[in-house]
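K.L.:
This is what each chain is made of:
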Amino acid sequence: MKFSIIKESYTGSVPEITFGKNRKVSFGGEKSLPFLFFEGEHPHKPLISFEVQDSPPQDYPKELAKVYSSVWDDPVRWAKLCESFGAEAIALRLMSIHPDTTDAKAEDVADKLKKFLNEIDLPLIILGCNHTEKDAEVLPIVSDVARGFNCIIGKAQEGNYKTIAASAMAGGHSLIAMSELDVNLAKQLNILITQMGFPANKLIIDPMCSALGYGFEYTYSVMERIRIAGLIQGDPMLSSPMVADVGFYVWKTKETQAEDENSQWGSLHERGIIWEAVTACSFLLSGAELLIMRHPEAVNLVKYFIEDLISTKEK
Amino acid sequence: MLIIGERLSVISKVVREAMEKRDAEPIKRIAIEQWKAGAHMIEANIGPAEDIGDEIMEWMVRTIQEAVPLPVSLDTTNPLAMEAGLKVHNNEFGKPLINSTSFDPERFIFLELAAKYNAPVIALTVGKGGLPRDAEERVEIALKLLEKAQEYGISLEDIYLDPLVLQIATSQSQAMEVVKAVRLFRELNDPPMKTIVGLSNLSNGCPKHLRPILNKHFLTLLMYEGLSAAIVNPEEVRETIKTVNVLTGKTLYAHSYLEI
Amino acid sequence: MALTGIEIFKLLPKTNCKKCGFPTCLAFAMKVAQGQAKIEDCPEASEEIKSKLRDAATPPIIEVQFGTDSMKLKIGGQNVLFRHEKKFLNPTVLALEVADDDSEIETRIDEVLNSSIERVGETLRIEAIYLKNRSADISKYRDALERILKKAPQIPLILGVSSSDIAIDSLSILKGHRPILHGATAENIEEMAKVAAKFNVPLVVSAKGVEAVIPLTEKAKALGVGDLIINAEPKSIGELLRDNTFIARGALKKQIRSVGYPIITFAWGKDDFYETIVSTVGILKYSSILVLKRTLPWKNLALFTIRQNIYSDPQVPMQVKQGIYRVGEPDDKSPFIVTTNFALTYFLVKGEIENSKIPVWLGIMDCDGLSVLTAWAAGKFSASKIAQFVKESGIEEKLNHRELIIPGYVAMLKASIEDKLSGWKVVIGTKEASGIPAFLRNYVRSKNDR
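Protein chains in written order, with the working numbering: chain A, 1 to 315; chain B, 1001 to 1260; chain C, 2001 to 2450.
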């Protein structure tokens, strides 16, 4: 019997997003489920951005400290180190503004950002601290400072999307819209934001990330459902590219922190890296196009994985 | 189709406060409103009511039946409260309805009460350990429930199978599983098994203006599959029920069919 | 896998003739599915229906059993392509590759035997050994097999042999085992299929690409081997994803019987990191057996975890075990919060407590994985049950205070819990998890002021 390849038919496609000013990168644009090159175009590879924080991180475990502690009091040096690791984009997380850390003022952060933008020409994602009110206060100012730099701003949530989306629109940026592990809420938030006049082709969905072993399957399935809705059912409100904020969730877990003594779990160094890499690769398979990661070795692994997948495309 | 008015529920703040203060006026008013809107039965949902549930249920049943000549559907997870309600229920207006048993051994006591008071009972097709996944699982549980009910000597005509309507906002795919379950439940016996839903749970958590729209359209699908009873806000679904009955030929069409 | 009641019902005449002794055809079908009635009891079911029933009883991807009496393994039987549709059945079996000329076979067996790790109440392990006939020598293979049986008599086996002679030699000494036979290719399919049929063991057929595999499964089936497993020999992750997608789609969407078998994947990689990534793809995308080159504790932990995550039931809300959890390093003065064991509730509440940086005792109550309001309405998160939980949890010994924080949604339970839990004060917390950090800060501040 002759086996005919069973192809899925698609009615939607993922918009392509390009960001950055002098150096630009793109992701998204595909017309089939992740990496199924035989049934739809995939004009771009998924993009990995390195996370940098605007103040010395308080919760980076040992394995990350080994890599970044010498540079983390200066975001510019930190970003340059990432660049030397091969970073194609930077995700600058403004942790200093969090009321529970240093509660930095918007103006202070604005100054820091101006300097950063002058020194670093990698495409930039600017992230708040995930505190609804404080982000609503700071991100509009930040969006304005970065006007013309064609950044990605995040994250707009149900409780603060109005101010953040309006300012991202005024600043000419793309926008990450985050909902909490719920396909219906993700759709709703995209509807609300586009109803404000925000262009749908500049929206990125963050369905809320998680780490292997800690809610992983929720993110995985929500991403798959979003991709299926966007591509197969052609739902325009769920066709946006997706981001997986992997490092943030992974490096909070016990598995990335418990010392080697726990012989059942093996070497901490490898364990931390594989925890981030496995989480990231899985979310690429479930539909993410943009990753935010921390450990350079984990990033290299994921890059190799992407190249290995792409190698089938040429055949 | 049997219409059971849902509005006397502990979830409603007005009702909860009236229950706490034993203030009969709001209870009677809501019972009358539902009766006038076409309810055949009034639900008294007092919630888990662990402490003085028996007192509250007794008072609720009396208060409702003082206001309207209808039977009461007794909704509580507290068996003492249930029995108290059954005892004082005035059966001249029809038999009370026990809401509800399920395939959880803790709830078999309600089957016992159904047998003892010769009252029909709602059988929720859920087991112990979580919600049913699909129509199939609901039918499996229904079958087990029917066997269990027969052990207690309850006749199949006195059982209303309830597939458990879930929230559209969180469990979208379950809506059609419920529709399918209603169709299949009927097939479990000849004459067909009776079926019932708590309709408005469908739109629980949805914006207020959407709730009646979702509920009414869902009821249309369920009625098409032969639903026998629904716990609803009678005012909200009055038009739907009359219209579906016209469309399916159950009542004769006239220009003024909605007015009668 | 047997047919479900509804599927049987669809094939019945639906006359409700009652001759079977049941009131309706559906009631009868449900009984047949449960094995409490026989299809022959239906006088109206034609031979055609009965044969249809038999045919339909074969699932689109067959289920294969192997292993030993004390370690039975089941693979295949999947019926969906995506996890959210329905729970993936039969988690991927992880096996370790051992070569027959490896001088340290015993060490390798120990790796397998000592691989088990506890995680969320489950014991996870490498379940099987793939014994590879690298030497191509019949006596070496026999010797290696005996060494395995001596050290691990009950370990499920996959025999990777290069000839039917070696297969026969090995299968003749395996008592109480149902191993998988690996090694059938286009060159030797007839001999190998005959051996598999004779010993009634599952057979792996290998060829490069799905199209090349199909003639082999058809031939093996014609020779009487029903329990087949496919190895399409992918050489890159792209090929693995593509081949497995073709096989699973072919079986599930088009019911193509010749690909309706479980898949075995041999992991590869330039290092252990990459082998883990390759294995991840296998676990996420339809491989039923994954053969690893090497095991290492961190690698096992990652693979066990992803397998456990991806094979969880999407429709049963994931549940957290009942108990008292420490968030941060709580002491006898730390706040005590109680909520239900719906996993999402737990993750959100725990995350927000962490954000607050205030150490907390978090009491998680078994409510069948329901969220707070639903659990309350179902009578599972009631005043008496909360009181009982607090009493039995042992928390009283850990605290020098008697204040219990309950979710804002069940504020109405305050008085009733206080009645049932003498000496305790109930504090009403927030409705949504996002309010927890602010709530906790105020709570701790006002407590300190007192």
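Simulated from the structure, these hints should not be mistaken for laboratory data.
One or more of the hints may lead you astray.
[Stated by the list, open to error] With a cut-off of at most 25 Å between alpha-carbon atoms, the simulated BS3-like pairs for lysine-lysine come out as follows:
1. B:Lys1021 <-> C:Lys2414
2. C:Lys2321 <-> C:Lys2293
3. C:Lys2357 <-> B:Lys1144
4. B:Lys1148 <-> B:Lys1128
5. A:Lys313 <-> C:Lys2270
6. B:Lys1013 <-> C:Lys2050
7. B:Lys1144 <-> C:Lys2018
8. B:Lys1095 <-> B:Lys1180
9. A:Lys115 <-> A:Lys105
10. C:Lys2050 <-> C:Lys2014
11. B:Lys1216 <-> B:Lys1180
12. C:Lys2018 <-> C:Lys2031
13. C:Lys2014 <-> C:Lys2072
14. B:Lys1180 <-> C:Lys2431
15. B:Lys1148 <-> B:Lys1180
16. B:Lys1180 <-> C:Lys2414
17. C:Lys2321 <-> A:Lys252
18. A:Lys62 <-> C:Lys2357
19. B:Lys1144 <-> C:Lys2414
20. A:Lys62 <-> A:Lys303
21. C:Lys2253 <-> C:Lys2010
22. B:Lys1087 <-> B:Lys1128
23. C:Lys2270 <-> B:Lys1180
24. A:Lys7 <-> A:Lys24
25. A:Lys7 <-> C:Lys2086
26. A:Lys45 <-> C:Lys2254
27. A:Lys187 <-> B:Lys1216
28. A:Lys105 <-> A:Lys66
29. B:Lys1021 <-> A:Lys187
[Stated by the list, open to error] Here chain C is said to cover these stretches of chain B; the calculated rule only asks that three of the stretch's residues, wherever they fall, bring their Cβ under 8 Å from a Cβ of chain C:
30. 1040-1051
31. 1185-1194
32. 1211-1224
Every residue, glycine too, gets a C-beta built ideally from N, C-alpha and C.
K.L.:
Could you run down the list of hints and mark each one as holding or not?
P.N.:
A quick look at each hint next to the structure:
1. B:Lys1021 <-> C:Lys2414: With a Cα-Cα distance of about 18 Å, the restraint between B:Lys1021 and C:Lys2414 holds, given a limit of 25 Å.
2. C:Lys2321 <-> C:Lys2293: Given that 25 Å is the threshold and the Cα spacing comes to 34 Å, the pair is violated.
3. C:Lys2357 <-> B:Lys1144: Since the Cα atoms of C:Lys2357 and B:Lys1144 sit roughly 49 Å apart, the hinted pair is violated (cutoff 25 Å).
4. B:Lys1148 <-> B:Lys1128: holds (15 Å)
5. A:Lys313 <-> C:Lys2270: holds (21 Å)
6. B:Lys1013 <-> C:Lys2050: violated (58 Å)
7. B:Lys1144 <-> C:Lys2018: Roughly 19 Å between the alpha carbons, so the hint for B:Lys1144 and C:Lys2018 holds.
8. B:Lys1095 <-> B:Lys1180: violated (29 Å)
9. A:Lys115 <-> A:Lys105: holds (16 Å)
10. C:Lys2050 <-> C:Lys2014: It holds: about 15 Å lies between the C-alpha atoms, which stays within 25 Å.
11. B:Lys1216 <-> B:Lys1180: holds (17 Å)
12. C:Lys2018 <-> C:Lys2031: holds (14 Å)
13. C:Lys2014 <-> C:Lys2072: violated (39 Å)
14. B:Lys1180 <-> C:Lys2431: Outside the cut-off at roughly 35 Å; violated.
15. B:Lys1148 <-> B:Lys1180: holds (23 Å)
16. B:Lys1180 <-> C:Lys2414: violated (41 Å)
17. C:Lys2321 <-> A:Lys252: holds (21 Å)
18. A:Lys62 <-> C:Lys2357: Since the Cα atoms of A:Lys62 and C:Lys2357 sit roughly 19 Å apart, the hinted pair holds (cutoff 25 Å).
19. B:Lys1144 <-> C:Lys2414: The given pair, whose Cα atoms are some 37 Å apart, is violated under the 25 Å limit.
20. A:Lys62 <-> A:Lys303: holds (24 Å)
21. C:Lys2253 <-> C:Lys2010: holds (19 Å)
22. B:Lys1087 <-> B:Lys1128: This hinted pair is violated, its Cα atoms lying about 29 Å apart.
23. C:Lys2270 <-> B:Lys1180: Outside the cut-off at roughly 51 Å; violated.
24. A:Lys7 <-> A:Lys24: Given pair A:Lys7, A:Lys24 is violated - Cα atoms ~33 Å apart, limit 25 Å.
25. A:Lys7 <-> C:Lys2086: holds (22 Å)
26. A:Lys45 <-> C:Lys2254: violated (31 Å)
27. A:Lys187 <-> B:Lys1216: Holds, because 24 Å separates the two Cα atoms, which is no more than 25 Å.
28. A:Lys105 <-> A:Lys66: violated (30 Å)
29. B:Lys1021 <-> A:Lys187: Violated, at about 43 Å.
30. 1040-1051: holds (count 4)
31. 1185-1194: holds (count 4)
32. 1211-1224: violated (count 0)
When each numbered hint is compared with the structure, violations occur for hints 2, 3, 6, 8, 13, 14, 16, 19, 22, 23, 24, 26, 28, 29 and 32.
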